[in-house]
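Chemist: Build out the structure end to end from the sequences listed, making use of the hints.
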Amino acid sequence: MNKKVAVARLSIISNSFLIIIKLVVGIISGSVSIISEAIHSLIDLLAAIIAFLSVRISDRPADSKHPYGHGKFENISGVVEAVLIFIAAFWIIYEAVQRIIHPAPVDSIWIGVAVMVVSAIVNILVSRKLYKVARETDSIALEADALHLKTDVYTSLGVAIGLALILITGYHFLDPVVAILVALLILKESYNLFRKAYGPLLDIALPEEEVEIISQVIKDNCLGTINYHDLRTRKAGNYRYVDFHLNLPQNMTVKEAHDLCDLIEQNIKQQFSYTEVTIHVEHI
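Going by this note's numbering, the letters in the sequence shown line up with residues 2 to 285, in that order.
There's no promise every hint is true.
Said to hold, decoys possible - Ranges between beta-carbon positions, derived for each pair:
#, residue 1, residue 2, range
1, T226, N268, 17 to 23 Å
2, I205, D260, 30 to 36 Å
3, F174, R10, 21 to 27 Å
Keep in mind that the hints were calculated from the coordinates and are not lab data. We put the beta carbon where it would ideally sit given N, CA and C, even for glycine.
Modeler: Written out as structure tokens, the structure reads:
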């Protein structure tokens, strides 16, 4: 099974488990912060499903309708996930404010604390696995999914601490306050994710340090009067696209030009996996 698909499926299973236990405990205890965590996990589940579908589609080879491949499906999924997180955060804030206006006691606090700790542990393990595969495959969809779970770790621990403080102090208003803090962290997460996923949809150039590496590879192969210009880069999903014009001397044969282009392309791909290189040859 494809490594990206397998780890995305693991995320779906873990999030489904956490949603069930959080919802059950949240309803039993009446804790809005636990219920907000259940909603957070529900969004994580939707994100995991979107990531699962997008990595399956993005790895399809180019075809007549998608001559540049399907990589941007991952970026689209990231944007959708960011919007879902944004909506969920405002819903949590609304419910928390309603609880502040209409206070209600929280029951079965210790069970809630235990569930939040279990949730944090599960998400630490799954997010580490997601990050590992995301780095190996340069997948924005898996990185987005891992980011969701990493944030869920912090928010789960925050809710656990808030519930513990309620138990110690008896101040039940801390429950909706913690829920609002959770929502603010979720909003920050959605903003960061949206910015990272949306950029490639506008064909923004690769990061400056990556462009510098590519430029150096080309320069290292530009001997004598050979030079290049109009270097352009972009990214779609985990695929990088590089194209530039290479100026060659008039006396260079077609075979020599072809071999040089192959060498430059190979050297660039050694630096970055999943890279398509297009070289426009010109004579000077």
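Chemist: Against this structure, judge whether each hint is valid.
Modeler: Hints and how they fare:
1. Between T226 and N268, the C-beta spacing of about 20 Å keeps the proposed range 17 to 23 Å intact.
2. A hinted range of 30 to 36 Å holds for the C-beta pair I205 and D260, which are about 33 Å apart.
3. For F174 and R10, the hinted distance range of 21 to 27 Å is not satisfied, since their beta carbons lie about 41 Å from each other.
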